[in-house]
Amino acid sequence: MSTPARYWREIPQRYRYEGNKCKETGEIFFPPRLVNPSTKSSNFEKVNLETEGKIITYTVIHVAPAHFRDLVPYAVAIVELNDGVRITSMIADCDPDDLKAGTKVRIEFRKIYEVGDAGIICYGYKCVPT
Amino acid sequence: MRDVAIIGVGMNKWGELWEKSLRDIFVEAALKAIEDAGVDHIDSMYIGNMSSGLFVGQEHIGALMADYLGVTPIPSTRIESACASGGAAVRQAFIEVASGMSDIVLAGGVEKMLDVDGNDATAALATAADQEYEVYNGVTFPGLYAMIARLHMDTYGTTQEQLAAVSVKNHHNGNLNPNAQYQFEVTTEQVLNSIMVCDPLRLLDCSPITDGAAAVIVCPLEMAMNYKNNPAVKIAGIGQASDFLALHHRKDPSWLKVVEIAGMQAYKMAGKEPKDIDVCEVHDCFSIAEICVVEALGFAEKGQGGCMASTGRTAIGGEIPVNTSGGLKSKGHPVGATGVAQVIEIVEQLRGQAGERQVHNARTGMTQNMGGSGASGVCQILEAV
Amino acid sequence: MKNNGKVGIVGHGSYIPRNRITIEEIAKVWGADPKSMEKGLMLREKSVPGPDEDVITMSVEAARNAIKRCGINPKDIGAIYIGSESHPYAVKPSGTVVAEAINATPEIHCADFEFACKAGSEGMYVCLEQVRSGSIKYGLAIGADTSQGCPSDALEYSASAGAAAFILGGEKVVAEVLETYAYMTDTPDFWRREHQFYPSHAGRFTGEPAFFKHVNACAKGLLKKSGTKPEDYAFAVFHQPNGKFPQRAGLSLGFTKEQMDTGWLAPTLGNTYSGASPMGLTAILDIAKPGDLIFMVSYGSGAGSDGFVFKITDHIVETQKKTVQTRAMLDGNKKYLSYGEYAKYRGKIKR
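Residue numbers (the working numbering), protein chains in the order written: chain A, -3 to 126; chain B, 25 to 409; chain C, 238 to 588.
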């Protein structure tokens, strides 16, 4: 079993959506990067992502890994937030048939999965239609 | 840089090889390639393998395979580039021979996937995607390609029937390939009525879980004439590229930039263009992938890949036969071995040994092998000499 | 430094899951008569947490709504207390997750409270005194539960999910606390032992000697201590384990249905346990006007009640529309579940 360290390390991103912004080009990266791939600059400042955006593309997953099995069918999408940052996120509280590219969504704090019956509970972001 | 040729190939029937172990299937394929080449030794070898650690709990398979192939103490290295591991292994062998470092090098690939259940296999394959920012949030590997498919359908009007046509064609070809895992035909109706895996991809849009291995022997072109078992095939062009690991970081997720770049490198090196290619093996891990790849390699206009299979243009006898072997869909997809087997199919086509799948007068062929949702890509252009 | 000015609520927020199940759907499964269940409990439906919602996720959303309302810097929050009988972990705090999610760490005091359905109001009680003493600038008190009732038990018809969050402080107070009063005895009317999945209760013993005795005594004590009469209040809210109990208690104390109507959420929300009277208070704060007096009495089995008298200030107006209101979440965007889906989501299916 892996230790909770790997989960704990990502808390700023999973709970608070912390990314970083290149001070030279203004590009925002999520998760934060140590180097801007387009300019090679390492001059960054911390930013919190916008929490609203729209669906770029999505799928409805019918065959899922064990820890998501009870959620099927569930929707997963590439969401573009209002600051231009794109994330992969589940779309919760929706009828998958109503989704389409362009559907407006916002981030909510949700449980992602539990590590078995005795392990830690993992939280993070999901999007819900607004 | 020296010119490099392929002088031997080896693979056995792929599928659910319950009685064979990881080392068995690799050694069998390697011995076959060595015999096919007629070489009495090899100087070095590369083994493409994505995840022997997760599939059978065995790492360090470079040494393991050298040991069981009986070729120690030669250098033997495992190459990992997710599902493009096999293609990358062939490229490493090419580099080693071209550079003059070694003369006779074996490039192989192997994956033993059925020793774990479906859940664990799915989880192992998903490690090719970003664990923290894609997989954590619930996406599966088919899910990533499903999102590519949805975007392609939304943007270009690609249809479910066009996706299905890829699987129908590849099963038709695989039915003619004695090494294919699935030697049977499927109909459009069967594809469209198969169970939904990740909307819009259905079970018969997806390549299977497979045990299998493949190996080729490369040497300098000038030495190839000494090995007279088969006509030599020259590696005329080779390219490899990388891209953002996470699909969501790519500007246009439905455009496989990694394939475009690796393909361009290969075309440039070989002095060829898409119209010069007589036969091509592409990485149809999902039906949508073949559609995107034929666009990225320049066989179809951007957005127009959907009609290539449905109108017969990529069939054997069509303008650019694609996946004459049956592709990943029908031949099977033991991930680390796939890129090597693609090379084998093209070698057999250029040698004129492809039997019922033979493309008439094939002189120049191409392979395209891809890792993850398109973060790694390798292309090769092979020529009959 | 001791805070001698007004102290009270500076921002409030709530969260209600979108899933609902009707009393009729539950009654059908157990062969009970839906009409008499609805009438007897004064309940029509209840909220159900989704498989990805728990006390922590609902608390984060409610807390974020509270912060949106008052616009404070989360780093100024000096304490966070989450009251619940369904903390996701038996051992490991819920509060630290919420504190990280709202960016209030690391200079903050966290504790998880448990006192059956009273744990939410006791967080308010403790935060209030800390603000008053000057030891913290703001305190965040949350009442949240994803209550479980044993299948076919009376509790199954009411046990629901929701969260209410309050930021207490001494600047830009929207609801000043004029008086508090607490009333406790040891009365084992409802409990859950370690490792038990569902709580147990003492049937009709939960009524007169438990709920009614403590709510009435606390209310009377609070009226006396504050020198007020029921008719002085614009709103009154009581713990609401079902629709019926708070109405009966309030009417017997001299409050009117009109005073209780705004905070009476149970008929379509169910019993959110630690969230129950606090959720009612959020619905009141959503629409109250400057100068209004609010009377609140919670109840937690075991047993005790916390009472508060709030007076609405002018600052309320600017906060009310800044984020989603409780009634809007209760009445809009609902998804009705079958009993099968509900049983799956709530982990009631054995495998």
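Warning: the hint list may mix true and false statements.
Selected chain C positions facing chain A (in silico; Cβ < 10 Å) [unchecked claim]:
1. N256
2. D289
3. E290
4. I293
5. T294
6. M295
7. V297
8. K329
9. P330
10. V335
11. A348
12. L415
13. P446
If you are wondering where the hints come from, they were derived from the structure by calculation, not from laboratory data.
All of these numbers come straight from a predicted model, not from anything done at the bench.
Every residue gets a Cβ at the ideal spot worked out from N, C-alpha and C, and that includes glycine.
To see whether the hints hold, each was checked on the structure:
1. Against a cut-off of 10 Å between C-beta atoms, the interface hint on C/N256 holds, since the closest Cβ of chain A lies about 8 Å away.
2. Evaluation of the C/D289 hint against chain A yields a held restraint, the C-beta minimum of about 4 Å falling below 10 Å.
3. Interface restraint check: C/E290 against chain A, minimum CB-CB distance 7 Å, threshold 10 Å, status holds.
4. For C/I293, the shortest C-beta to C-beta distance to chain A is roughly 7 Å, which falls under 10 Å, so the interface hint holds.
5. With a least beta-carbon distance of about 5 Å to chain A, the hint placing C/T294 at the interface is held under the 10 Å criterion.
6. Taking 10 Å as the C-beta cut-off, the interface hint given for C/M295 holds, the closest approach to chain A being about 9 Å.
7. The criterion of a C-beta within 10 Å of any C-beta in chain A is met by C/V297, whose closest approach is roughly 4 Å, and the hint holds.
8. The beta carbon of C/K329 comes within 8 Å of a beta carbon in chain A, closer than 10 Å, and the hint placing it at the interface holds.
9. With 10 Å as the threshold, the beta carbon of C/P330 stays out of range of chain A, its nearest partner Cβ sitting at about 12 Å, so the hint is violated.
10. The beta carbon of C/V335 comes within 9 Å of a beta carbon in chain A, closer than 10 Å, and the hint placing it at the interface holds.
11. Because the closest C-beta pair between C/A348 and chain A is about 19 Å apart, greater than 10 Å, the hint is violated.
12. Hint on C/L415 is violated. Least Cβ distance to chain A is approximately 34 Å, over the 10 Å limit.
13. A hinted interface residue such as C/P446 counts as satisfied when its beta carbon comes closer than 10 Å to some beta carbon of chain A; here the least separation is about 38 Å, so the hint is violated.
Hint compliance for this structure: hints 9, 11, 12 and 13 are broken, all remaining hints hold.
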